[in-house]
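If you want the numbering used here, it's the position in the sequence shown, counting the first as 1, plus 3.
Treat each hint with caution, since some may be false.
Claimed, not checked - Taking lysine to aspartate or glutamate pairs in the DMTMM-like style, the calculated list, with each CA pair at most 20 Å apart, reads:
{"no.": "1", "residue 1": "Lys-177", "residue 2": "Asp-130"}
{"no.": "2", "residue 1": "Lys-212", "residue 2": "Glu-287"}
{"no.": "3", "residue 1": "Lys-212", "residue 2": "Asp-102"}
{"no.": "4", "residue 1": "Lys-167", "residue 2": "Glu-187"}
{"no.": "5", "residue 1": "Lys-167", "residue 2": "Glu-17"}
{"no.": "6", "residue 1": "Lys-212", "residue 2": "Asp-20"}
{"no.": "7", "residue 1": "Lys-167", "residue 2": "Glu-209"}
{"no.": "8", "residue 1": "Lys-212", "residue 2": "Glu-198"}
{"no.": "9", "residue 1": "Lys-167", "residue 2": "Glu-188"}
{"no.": "10", "residue 1": "Lys-37", "residue 2": "Asp-59"}
{"no.": "11", "residue 1": "Lys-118", "residue 2": "Asp-145"}
{"no.": "12", "residue 1": "Lys-118", "residue 2": "Asp-20"}
{"no.": "13", "residue 1": "Lys-58", "residue 2": "Glu-163"}
{"no.": "14", "residue 1": "Lys-212", "residue 2": "Asp-77"}
{"no.": "15", "residue 1": "Lys-212", "residue 2": "Asp-76"}
{"no.": "16", "residue 1": "Lys-177", "residue 2": "Glu-187"}
{"no.": "17", "residue 1": "Lys-212", "residue 2": "Asp-99"}
{"no.": "18", "residue 1": "Lys-118", "residue 2": "Asp-77"}
{"no.": "19", "residue 1": "Lys-37", "residue 2": "Asp-130"}
{"no.": "20", "residue 1": "Lys-37", "residue 2": "Asp-20"}
{"no.": "21", "residue 1": "Lys-212", "residue 2": "Glu-52"}
{"no.": "22", "residue 1": "Lys-118", "residue 2": "Glu-215"}
{"no.": "23", "residue 1": "Lys-58", "residue 2": "Asp-99"}
{"no.": "24", "residue 1": "Lys-177", "residue 2": "Glu-198"}
These are calculated hints, taken from the structure and not from any lab test. Keep in mind it's a predicted model, so treat the numbers as computed, not measured.
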Amino acid sequence: MTNENFRILVLLREVADPRPPARTITRGAGISAKGLRLLPNPADLSALEEALCLKDRMGALVTVLAVGPQSLDDTLRLAISMGADRAIRCWDHGMDGGDAVADARVLARIVEILKPMLVVTGSRLADRGDDPVPALASALNDAPCIGSAVSLTLQAGAVEVLRKGDRGSRQTVKALFPCTVLVEEGTTPRYPAIEAVIDSVTAPVERWKLPELGLPFWEVGSTGAALPLARVGTPRPDPVRVVTPDPSLPAFERILSLLSGGIKAREGRVHALPADATAEALWEIFRREGVVPEGAA
4 MTNENFRILV
14 LLREVADPRP
24 PARTITRGAG
34 ISAKGLRLLP
44 NPADLSALEE
54 ALCLKDRMGA
64 LVTVLAVGPQ
74 SLDDTLRLAI
84 SMGADRAIRC
94 WDHGMDGGDA
104 VADARVLARI
114 VEILKPMLVV
124 TGSRLADRGD
134 DPVPALASAL
144 NDAPCIGSAV
154 SLTLQAGAVE
164 VLRKGDRGSR
174 QTVKALFPCT
184 VLVEEGTTPR
194 YPAIEAVIDS
204 VTAPVERWKL
214 PELGLPFWEV
224 GSTGAALPLA
234 RVGTPRPDPV
244 RVVTPDPSLP
254 AFERILSLLS
264 GGIKAREGRV
274 HALPADATAE
284 ALWEIFRREG
294 VVPEGAA
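Build out the structure end to end from the sequences listed, making use of the hints.
Below, the structure is given as structure tokens:
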């Protein structure tokens with residue numbers, strides 16, 4: 004039995020398979036779609052599994068959301084076959100070309116309309132790493148956001164999250180509803196039954212556009228982007244520095260210097276400092292290592 008009083012929103016995103024090499028087009032204006040394989044973000048599927056486990060335990064209403072073109076319908080139908088109750092795809096040509104800030108405005112508005120108690124999604128994207136959009140949307144709605152979540156436990160009016168900490172540690176934190184939780188990849192998504200997969204083909208997927216959101220066009224897409232895309236490129240490796248040993252050293256030590264590439268053994272240190280002192284300590288380390296000029300403030 005579904006408890007419609009407790010609503011969970013799961014954000015699903017599509018990523019490019021990072022295994023085939025991507026190719027840029029028109030001098031870095033974009034990435035060629037030829038040979039590019041798109042697949043659901045693995046961390047988002049882990050977040051969906053956590054939401055479905057909560058549904059199994061307490062009968063929550065799970066809504067899956069995707070912001071993007073029609074290709075995302077397959078991901079939404081996969082979520083329906085796994086057990087999601089409602090699927091929404093939001094897209095408008097005016098949203099194209101937006102940055103994290105513009106996309107966060109869209110997500111924040113959708114959350115404001117649906118009013119879920121809990122928003123869950125993956126903490127990372129498989130193709131480009133961190134995605135600041137969910138955290139920014141949570142901040143726009145003045146809601147708490149917990150990242151690097153490993154497991155979720157519901158309590159009275161709050162969610163208790165076990166999350167990854169520093170140096171492999173684990174932390175248990177709690178946030179009041181409504182809130183956003185970013186889930187780490189790790190929870191294995193369930194396999195849907197073949198009957199559920201067949202039924203999901205004809206399951207309804209709601210389409211939302213800018214008029215349904217009530218957002219002006221100048222706040223979304225390339226018009227509302229604070230950091231427009233300049234160009235796309237591949238990282239260039241740093242040139243290899245040729246190590247010249249000190250000629251005054253014995254031959255054996257000169258050979259060791261060449262084999263080590265000039266890397267000297269260093270002692271690792273762990274500093275446990277408050278935030279203000281950490282910033283000052285980092286600046287001092289950068290100055291000592293020559294990363295910043297000596298007289299820089």
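Structure-based check of all given hints:
1. Lys-177 <-> Asp-130: violated, 30 Å
2. Lys-212 <-> Glu-287: Measuring from Cα to Cα gives roughly 50 Å; hence the hint is violated.
3. Lys-212 <-> Asp-102: Holds, because 18 Å separates the two Cα atoms, which is no more than 20 Å.
4. Lys-167 <-> Glu-187: holds, 9 Å
5. Lys-167 <-> Glu-17: At roughly 24 Å apart (the allowed maximum being 20 Å), Glu-17 and Lys-167 break the hint.
6. Lys-212 <-> Asp-20: violated, 28 Å
7. Lys-167 <-> Glu-209: violated, 35 Å
8. Lys-212 <-> Glu-198: Between Lys-212 and Glu-198 the Cα gap is close to 31 Å, so the pair fails against 20 Å, i.e. violated.
9. Lys-167 <-> Glu-188: holds, 12 Å
10. Lys-37 <-> Asp-59: The hint is violated at about 41 Å.
11. Lys-118 <-> Asp-145: holds, 13 Å
12. Lys-118 <-> Asp-20: Distance of about 33 Å is beyond 20 Å: violated.
13. Lys-58 <-> Glu-163: With a Cα-Cα distance of about 16 Å, the restraint between Lys-58 and Glu-163 holds, given a limit of 20 Å.
14. Lys-212 <-> Asp-77: holds, 19 Å
15. Lys-212 <-> Asp-76: holds, 15 Å
16. Lys-177 <-> Glu-187: Since the Cα atoms of Lys-177 and Glu-187 sit roughly 17 Å apart, the hinted pair holds (cutoff 20 Å).
17. Lys-212 <-> Asp-99: holds, 12 Å
18. Lys-118 <-> Asp-77: violated, 25 Å
19. Lys-37 <-> Asp-130: holds, 16 Å
20. Lys-37 <-> Asp-20: This hinted pair holds, its Cα atoms lying about 13 Å apart.
21. Lys-212 <-> Glu-52: Roughly 27 Å separates the two Cα atoms, so the pair is violated.
22. Lys-118 <-> Glu-215: holds, 15 Å
23. Lys-58 <-> Asp-99: violated, 34 Å
24. Lys-177 <-> Glu-198: violated, 38 Å
Figure legend: structure checked against the earlier numbered hints; hints not met, in rising order: 1, 2, 5, 6, 7, 8, 10, 12, 18, 21, 23 and 24.
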